[in-house]
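In case you want the letters, here they are:
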Amino acid sequence: MEEYINTVLRPLLQGDGGELEVDRVEGDTVFVTLRGECSKCDVADRCLEWCKQKILTDRGERVTFVATRKKPYFWEK
Amino acid sequence: MAQIKVERRSLRPEEYINLRYTALKNHIFEDAREITPVRIRNARQTGDTAFAFYDDWHELKKGDLCYTPDGSVFFEADADVSGFADKPVFLYWKTSSEVIVKVNGRFAGGIDPNRRTVRLGDLPADGLLHLEMYGFNRSKPDDERNPDTASTRGCRQEFGGLYLVHVNEAVQSLCYDLELFTDVIGSDLFPEDYRALVTREVDRALELIDFDDVRTADVQKASAYLEKNLYANATYKGSGRVALVGHSHLDLAYYWRRVHTVQKNLRTVLIQLRLMDRYPEFRYCHTQPYIFETLETYYPDVFAELREKIAAGQFEPVGAMYVEPDCNIPSAESLIRQCLYGQRYYRRAFGKIVDTCWLPDVFGNSWILPQILKKSGVDYFVSNKMSTWNDTNRFPHNNFIWRGIDGTEVYACVPPTHFISWNEPSQVAANWQAYQDKNTGAETLQMFGYGDGGSGVTEEMLELARRFKKLSVMPETRQVSASEFLKENFTPDRELAVWDGELYLEMHRGVTTTKAELKRRNRLLENKFRTAELLAVLRLAEGEPYPAEELRRLWKLFLIDQFHDILPGSHITPVYRDAIRDLTEVEAGLDALIGGGETLWNPLDTARRGVEFLPGDGRFTRCGVQGRFARVDFAPLGGGTAEAARDDASWFSFDGGTVATSLLTARLAPDGSFTSLVQNGREYAKPGFNALHLYDDRPGNYDAWDILPDYADRERELMLTEPLHTVAVDGDCAELACVLTTKKSRIERRLRFFRQEGTVEVEHIVDWHESHKLLKALFPANVLAREIVCDTSAGFIKRPLTANTSWEKAKFEFCTHKWFDLSESDGGVAVLNHSKYGAGVTKGVPSLSLLRATERPDPQADLGAHDFCYCIYPHAGDFITARVNEKATAYNAPLVGVGALPQVPALLREFAPLALQSVKLGEDGRTVVCRLTETDGARGELRLSRPVRVLDMLEEGESETDVLVYRPFEILTVGFTLD
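Heads up: the sequence lines are chains A and B, in that order.
Residue 4 in the working numbering is what sits at position 4 of the first sequence, and the numbering runs on without skipping anything.
Position in the second sequence (first residue = 1) + 1000 = the working numbering.
Since the hints were made in silico from the structure, they are not lab data.
Note that the structure is a prediction, hence the values are computed from the model and not measured.
There may be inaccurate statements among the hints.
Claimed, not checked - Incomplete in silico selection of chain A near chain B, CB under 7 Å:
# : residue
1 : Leu-12
2 : Gln-14
3 : Gly-17
4 : Cys-47
5 : Pro-72
We put the beta carbon where it would ideally sit given N, CA and C, even for glycine.
Given the sequences, and given the hints that come with them, work out the whole structure.
And the structure:
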């Protein structure tokens, strides 16, 4: 799963200036950190939902994402 | 005593005007007719016009989500405008994506965050429209100029429906008036009493409209009221003259990949062409031959239209360079090729070259540029950054003469305000107010049009421009071409000031260091290009074909990656991957052209007498390559074999603190820094010389771009985990190593001493996992120097080590090429490098910037493995007599393995002391073109054994001579035919 996310999904998010790092996978729960533009995106939930659907389509697996946002210091308010 | 600030909390008149203006905008589009069904296919762009599709066509309904991360979308729909075409019909879609629209197979226009409609123009008799749309998810997140589309930003967007609409022209016209007047009201650049008048009269005009029942007749009354009471009021007089030039800045890659720029450019061009149809006064300029080339290749119909608009004088190609490159890091030869390939494209495509260099967004400009431009047919240089982005000093001129390192002068325009503007009255007024050369009598230049990712001028901007003429408080404005503006305002009779020096940008000082691997490859490949072309010419002389097409292809690919958001490192992760892929391809291509062999050949036109690294058997590993060091003694462009390897290590001793060789004695600290470096009885170092320093590097939002002046106040610890120890010694070289670490990173330093040379090479093998850090090597030398001398690649520039003035203080970080030097008149120290460009003055001490760890725009920037060398060169005499530039050139141009030594035409060895910067077959396919550079700041003449043609940098010129007269820092181009 981690390799799939790193090689398939992560480059897509990077294409929009975002970044998705897999912290760990526990069962069907994927813990990720959103960085870059994803860290402040208003619709990141929609994006992760799309990622879930893509995983289901590509791998036939249902997962849940638990995402933490890590903004660079200059975007913290 | 308590202070109570009087603050109005109730609705202000100007706020009430804005509310009604916003309400009125909702009445611009009317008779909306939803187009259904809309079919969609999701894809990801994989090439200039290639896509990988995720799915097949399926229906997209209002409220559905569309677009995917890094996604492209194709839409299609059919519509019937029968009974709807009594008025102009528009396609309407509110989106923050970038959309190209085709109607019945023809490109019709574009939609993007700056416009929601495409005017559908001539409609077919049957009223049936087949719509095809391509959309790219606009991903530039820091462009928040348009709040209207903020709600629709992001990878996944809610589809709000696609419509056919009519435009209520009366409402739209009044909205343009309100855009104009609300901007005036909100700007303190206009007189307070005038703004009070405008506020009162706009309010009265809006009172004529019932906002519960907006009627066109009332709107027309309001417009008429404004016409009579504001436009006709000439009591208030503005001053100044501002030339308005439409432009759209288009980064080839930034928050998007280069492949996306092909369609960004198409959309931008389409939009401008359609505006030109309706606004004959509209003048627009467009840069970068590369993107014209993509348009010509992939969209010939649109390109044909563009050509017509060029012929009509509305669409203007500007900017001689192939792309808008960084103008600090590329070498002189690269910048010349930017002009050569750019101008050659323009000549082929449009029948003429351009006389402008158009670089609005470039992060400072090297002093070597003026003569390169002038000799490439360019008289005018345009660049905005210094006036609008300097963080310390206000750049003192906008229209001036820029004198280059060799004394060549070009006209320079650095407009007072930003190159992306939306043509609001306040922006025009601000430009005039900021303009610093008013007393020359010249106009000031205002570029207008959305940019960074293209988009360009909008209808609103052109409508505002028409209204400026009716607004007496405005400066006098006119829409002109860039060429008209430049020719009319830069004339010998004007007393233009002269700026003699580099155009240093007091910002973005980190871009010479960020993404070190791109910089390393840039230097490496510039040298490989030189070797490959030189060898190809020599082989041509021996009867082999010259690989002109392949070299041109490789050069163009390389030049693209010198774009000012690629080579400087200010881009997202995929752009970096693309660049690395490109540069790998270029390197493989050049290696194939260079070939190989066992015989060593010196590609330089200077004698090679020193220690060289020779890959092969040996005890040393340098930058991942095994080999040995040996002395060679090769003639210019000659070669042979190196001295044999020796095992006798008696020339070297190291007692854990002091190194002694026959040429130097050095006391070293465990971290690889020097406390003393003595050569011929002279001390060159102070304690801490060559020490590594790690700083907290937090410049804020411009993370990849900037280094702040106070970085040195926040130093972080480097732990010594392996003190300096001996790794290997043979008869020519001794290698010591130490290891420094942080919690996340490891830095191995290898110091190399040589039996037959008094230099010290320092290699760094780094596993880098920092966040917001800057790694520097500091060189506190025992040299009384007030200036640091830096290589520009074609001559040197002296920069202050002092901080007496704000101008000196601001230059705390700058670009250098192969070397920098600190000299007294009889001795000094140079630091030669083969992959670095950032240098600075750190608390008064010269420093070389090695690595950064930035997070925006690329969270992965610079993380991972690095391997780089520099060389410490203590010398007698100053940097000229010590031949520092020659030594650094050799350090960057390793010996080449060839099958047999090539035959070298005698002429190629006659150009010394000029450096043979480049040798190539001319673009005419017949002339051997040699580029000769004076690098020491001397003048003289060369008497040659045969006449040569004197050429410009476009390889044109007919005069012949056998006596070449040169001046300091001159770059000459000469040509001859092979016997």
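Quiz prompt | Violated hints - listed by number, lowest first | solution = Per hint list: zero violations.
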